[in-house]
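Visitor: All chains should be modelled from the sequences, with the hints used to inform the complete structure.
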Amino acid sequence: MNGFSYFPHTEADIQQMLERIGVKSVGELYDDVPADYLYKKEYDLPDAMSEQEVRDFFYGLSSRNSRLTCFVGAGAYDHYTPSVIPYITSRSEFITAYTPYQCEISQGTLRYIFEYQTMICDLTGLDVSNASMYDGPTAAAEAMRMMVASVRKSTTVLVSSTLLPNVIEVIRTYAKFYGTTIEMIDEADGRTSLQSLTSILSSVKTGVAGAIIPSINRHGIIEDLTGFADSLHAQKALLTVYCDPSALAVLKTPAEWGADIAVGDAQPLGIPLSYGGAYVGFMACRKEHLRKLPGRIVGQTKDGQGRRAFVLTLQAREQHIRREKATSNICSNESLMALWVTVYLSLMGPEGMKRLNQLCYENAHYLHDELIKTGKFEEVFQAPFLKEFVLRPLVDVRTLQRKLSENGFFAALETSEGYVSFCATEKRTKQEIDSLINIINKEVEA
Amino acid sequence: MKYYDKLIFELSKPGRTGYSLPAPESSSVSSIDANLLRASAPQLPEVSEIDVVRHYTNLSQMNFGVDTGFYPLGSCTMKYNPKINEEIASLPSFLGLHPLQPDDTVSGAKAVYEGLDSALAAITGMRHFTFLPCAGAHGELTGLMIIRSYHMSRGDTRRTKIIVPDSAHGTNPASAAVCGLEIVEVKSNADGLVDVNDLKPLLDDTIAGIMMTNPNTLGLFERDIKEIARLVHEAGGLLYYDGANMNPLVGTVRPGDMGFDVMHLNLHKTFSTPHGGGGPGSGPVGVCEKLVPFLGVRVSGFHGNFSVILRAYTYILMLGRQNVKMVGPLATLNANYIKESLKDKYKLPIPSVCKHEFVYDGLIDDGAREGVPGATTLDVAKRLLDFGFHAPTIYFPLLFHQALMIEPTETESKETIDEFIEVMRRIADEAAENPDILHQAPHNAPITRPDETTAARNPILRYQA
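Which chain is which? The protein sequence lines are A and R, in order. Heads up, this note's numbering is the position in the first sequence plus 6, with the first residue counted as 1. Heads up, this note's numbering is the position in the second sequence plus 62, with the first residue counted as 1.
Simulated from the structure, these hints should not be mistaken for laboratory data. Computed from a predicted structure; not experimentally measured. Don't be surprised by glycine CBs; every beta carbon is placed ideally from N, CA and C. The reader is advised that the hints may include incorrect statements.
[Stated by the list, open to error] Non-contacting residues of chain A with respect to chain R, defined by C-beta distances greater than 10 Å in every case (computed):
1) Q113
2) E189
3) E193
[As the list claims (entries may be wrong)] The calculated DSS-like cross-link candidates involving lysine-lysine, where the alpha carbons are at most 30 Å apart (straight line), are:
4) R:K262 x R:K249
5) R:K352 x A:K46
6) A:K360 x A:K331
7) A:K308 x R:K64
8) A:K30 x A:K46
9) A:K30 x R:K64
10) R:K407 x A:K331
11) A:K30 x R:K407
12) R:K407 x A:K298
13) R:K288 x A:K47
14) A:K293 x A:K242
15) R:K68 x A:K293
16) R:K249 x R:K405
17) R:K288 x R:K387
Guide: Rendered as structure tokens:
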């Protein structure tokens, strides 16, 4: 056997180990496998590479990607990542640990999850948070299931048409197999229609479990959710608000809107774009729904000497105890990404989060106004926005996108209505915005 | 490891900042209608950068990872996480990609998916994979959705039941329930394998398929798999392979060749990506040719956990065709070596050759005597922590009351394993002589055993000053 740096066995080790086991070869350990299932051929894989060759290979691959200045959001936002975060999260004690089953040697993980839960409660205004979920869209799908499980005799969940398309798609996937009926709430003037909601509520006879409505919607509009919770609660149905937790530092919280559950993707809290993952979903609820909350939850207690200690708690909800009767099949969370978020929010603090949102607001509004001035876009909605908005293009969208891409920008994402969507976070500079506008002025024919 | 008691909120002091941002030109966010704004600012901590760095460094020092020491957690495949994986996953030209960028601007990322797809296909014998599932349980759910979609596409709508062995991971029945399937349990026989005679009467035209873990959670190869596959396929069902225990088959056996139609892999187990204290993982689902049209099921927001996928591909390229063949055999060698070395101290209910893991059913002599309760599996697990080892998986599988499930993986040396064996023997001797040493363990960890009952009865789930 040739040496390979991840296998510490020497020939002598293998021989001694085989002797103790009482077999002649490693192959004998597979004698219980039917012979025709043992794979005897060469695997169709590349030859093993040295670490240097692997590095060169990936440097080559990564250089084939275009690094574009990002003016698109749509569920993934290009916010700044402070250097402390990757430094802390790459500590091997965090990154190479498993789920904190042995709490006595996992207090590090358990403590930051407890801090994370506290921060999510703080941002959403709700009572309890779980330890995190896969991503925003799956958290929304879990909220759908949670509402169905919480509200007796209900099999219908209402979903706002103003949610991002990928959130709606994931909810629909889960609903199809779980046996939940989805009714779409119409939009009116770019916002979730309260009238549509109330008319569905009065027409669905089988009972509505609840509704999922965004706080900032797919057009970038900050929704006014006045009256939504009341209408739903009057029918014993629940309200889930899908939100951007970064914006919740300034916007009305799900709790203030009367929501029972809040979900969303915490990627905007310092997690790099990373081609869509790993991100982290979050989920919080009012305390009366705690027993139906899916996923891991960390709680505070005391150790044998009376010292503050943290454990995974309320595990009677979970799959490894309840099997098919569990609140969810979720086993892991996105623990390390929850640490990203926790470190991020610790650094930012209340003032940093406020300033960040101010910068986003300024940049996005400056970009918006400059785009209108080019004469190549029109306003679609008169509505408040924070960092993202849509415009009606008066130019050929394909040409626009191509010109921008050729000049190093990712912008003007086309929506299903043919609008184009733009986003400007605090990371975008005035120079970048001016240069984007300059290209549109010079190179895109009206 | 030493006890550190702070929470970040307790370090907070009004006016301190840990951020560095340009100054905004005005406080223009207040021009948004007040009805849309929150009443008061969130109570996030106000700390400086060094406070954050020290705090989280101190927290990390209360944690045990694979880099700290041996982690024989059964069914979790805690192998070494190579550092080149981390370097590649943090390349700026991967990290900076927006998930909706046009394909022609992300051809390097696309190549990663294509390369890993064909490598996993080669290793498993499946045709193609979807990379959207973010974890093993998420992969199970996705795989079951594919099975249901297949039956529905044929108008075969009666198939709403799924067979799950009693030894299965808890996620199997939970995933099936979320997928709207009714669970039918098949029993294990005295050898710890799926009982084919118990299976036969369960097979009819309401069965969507069977979920199998092979080797199963006892670490045993399901040697009747050929017969099981034939019976299930003849009844019109499909075979699902739970990839949680794929490690011993890497380089030796391909699930596709055994007749499995759908499977998931845990890249965070089998393909060396770090577990991150409970995620992010990645649970790609592979299917045989006829199920490829159903792979497009939308189960997560974008393209799955790309940063995890990158790490796994890096690992496979390091292994290459030469080293891949030794992953399973060395993992199996390590497991059998431990199994044989401790069976005079720990009950070994199934003595046959195991694969990557095996199960003891507690101590042979637990030290119980008049007025002194014996040492349990929990006690053994806690005592191991004192010696710098992580504990095995305990009280699973449910088939045995004192289960200790041990999985050493191929990346552990004979020396490490010998030390573990020595410590396990010493713990067994301590139990026989004075089980109280074990009852009180751990003695050297940052905390002693916590009061979990109060934690559940009186939940404190967030910090309150």
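Visitor: Against this structure, judge whether each hint is valid.
Guide: Evaluation of the provided hints:
no., hint, result
1, Q113, "violated, 4 Å"
2, E189, "holds, 19 Å"
3, E193, "holds, 17 Å"
4, R:K262 x R:K249, "holds, 11 Å"
5, R:K352 x A:K46, "holds, 25 Å"
6, A:K360 x A:K331, "violated, 43 Å"
7, A:K308 x R:K64, "holds, 16 Å"
8, A:K30 x A:K46, "holds, 19 Å"
9, A:K30 x R:K64, "violated, 46 Å"
10, R:K407 x A:K331, "violated, 37 Å"
11, A:K30 x R:K407, "holds, 25 Å"
12, R:K407 x A:K298, "violated, 43 Å"
13, R:K288 x A:K47, "holds, 20 Å"
14, A:K293 x A:K242, "holds, 17 Å"
15, R:K68 x A:K293, "holds, 26 Å"
16, R:K249 x R:K405, "holds, 26 Å"
17, R:K288 x R:K387, "holds, 23 Å"
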